[in-house]
Amino acid sequence: GENVEQHPSTLSVQEGDSAVIKCTYSDSASNYFPWYKQELGKGPQLIIDIRSNVGEKKDQRIAVTLNKTAKHFSLHITETQPEDSAVYFCAASRGNNAGNMLTFGGGTRLMVKP
Amino acid sequence: SAVISQKPSRDICQRGTSLTIQCQVDSQVTMMFWYRQQPGQSLTLIATANQGSEATYESGFVIDKFPISRPNLTFSTLTVSNMSPEDSSIYLCSVDGQGTDTQYFGPGTRLTVL
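Same order as they appear, the protein sequences are chains A and B.
If you're matching positions, the first sequence starts at 19 in my numbering and goes up one per residue.
If you're matching positions, the second sequence starts at 3 in my numbering and goes up one per residue.
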């Protein structure tokens, strides 16, 4: 089955700096890669996703890149703000042709210091 | 995206008892998923629940311990049976994004077993 590794497990940055979280996956058939943000006491919230036919996607301060050959994808947050502090999870899936099953990475606790 | 609610939001239970968690969606969805998130850990899929069929359980999870109901396209329940302290976790339901690869999560149920 799919295996998703996520690094780093914790990340501390100064407000205004950039943060990068990296994930690798094992199943070459995976074609959908979402990122979730989980704040304390809440459920995971989808913040951005990318499909395998795209190499990069951007939404304001958040961007995701995908390297299918190397089987890794990354989340980039620019101009970080204290409200970006949360746990971030990457995931991989074969998509709705395979029941939308998501395999999650271990999570990254991001702390943005004001 | 779908609006998902869970009841209860949290509970403290005695070992040996059972708790049923409800998940309600504001629109009809094909697939609903139940996850467990142990303290400080990532999300692990317990089972997939489709309306009109038996739930499909992942390795390590069995129906006797985690019976699931899916009576219609907007509602599902997960029961945690014969609880032990090791069952203390956040239990999350999610739904598929109707024709997309996306999953949306509910707020979670925080369970503590004494």
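Mixed in with the good hints there might be a few duds.
[As the list claims (entries may be wrong)] Computed list of lysine-lysine pairs in BS3-like fashion (alpha-carbon distance at most 27 Å, straight line): (1) A:60 with B:67; (2) B:67 with A:131; (3) A:86 with A:76; (4) A:86 with A:75; (5) A:55 with A:76; (6) B:67 with A:86; (7) A:40 with A:75; (8) A:60 with A:131; (9) A:75 with A:60.
[Claimed, not checked] To be clear about the criterion: a stretch of chain A counts as covered by chain B if any three or more of its residues have a C-beta under 8 Å from a C-beta of chain B, and this derived list gives those stretches: (10) 31-41; (11) 70-81; (12) 87-99.
[Unchecked claim] Just the calculated beta-carbon pair ranges, DEER-fashion: (13) B:55 with A:33: 29 to 37 Å; (14) A:33 with B:11: 29 to 37 Å; (15) B:62 with A:60: 21 to 29 Å.
Hints were generated in silico from the structure; no laboratory data involved.
Idealized CB from N, CA, C, for every residue including glycine.
Quick one: see if chain B covers the stretch 70-81 of chain A, three-plus residues with Cβ-Cβ under 8 Å.
violated (count 0)
That 29 to 37 Å hint for residue 33 of chain A and residue 11 of chain B (C-beta), does it hold up?
Holds, at about 31 Å.
For residue 40 of chain A and residue 75 of chain A, compute the direct alpha-carbon distance and say whether it is at most 27 Å.
At roughly 15 Å apart (the allowed maximum being 27 Å), residue 75 of chain A and residue 40 of chain A satisfy the hint.
If you count the residues of the stretch 87-99 of chain A with a beta-carbon closer than 8 Å to a beta-carbon of chain B, do you get 3 or more?
Per the Cβ count (0), the hint is violated.
Confirm or reject the claim that residue 55 of chain B and residue 33 of chain A have a C-beta distance inside 29 to 37 Å.
About 49 Å separates the Cβ atoms of residue 55 of chain B and residue 33 of chain A, which means 29 to 37 Å is violated.
Hint consistency between residue 60 of chain A and residue 67 of chain B [alpha-carbon to alpha-carbon, up to 27 Å]:
holds (25 Å)
Residue 75 of chain A and residue 60 of chain A: Cα distance at most 27 Å?
This hinted pair holds, its Cα atoms lying about 26 Å apart.
Within the stretch 31-41 of chain A, is the number of residues with a Cβ closer than 8 Å to a Cβ of chain B three or more?
With 0 residues closer than 8 Å to chain B, the stretch 31-41 of chain A misses the three-residue bar; violated.
Distance restraint between residue 60 of chain A and residue 131 of chain A, which requires alpha-carbon spacing of 27 Å or less
holds (21 Å)
Restraint status (C-alpha distance of residue 67 of chain B to residue 86 of chain A at most 27 Å)
violated (39 Å)
Does the alpha-carbon distance linking residue 67 of chain B and residue 131 of chain A stay inside the 27 Å limit?
violated (43 Å)
Please test the hint of 21 to 29 Å on the beta carbon pair from residue 62 of chain B and residue 60 of chain A.
The hinted range 21 to 29 Å holds for residue 62 of chain B and residue 60 of chain A, with Cβ atoms some 26 Å apart.
Hint check: violations occur at hints 2, 6, 10, 11, 12 and 13; the rest are consistent with the structure.
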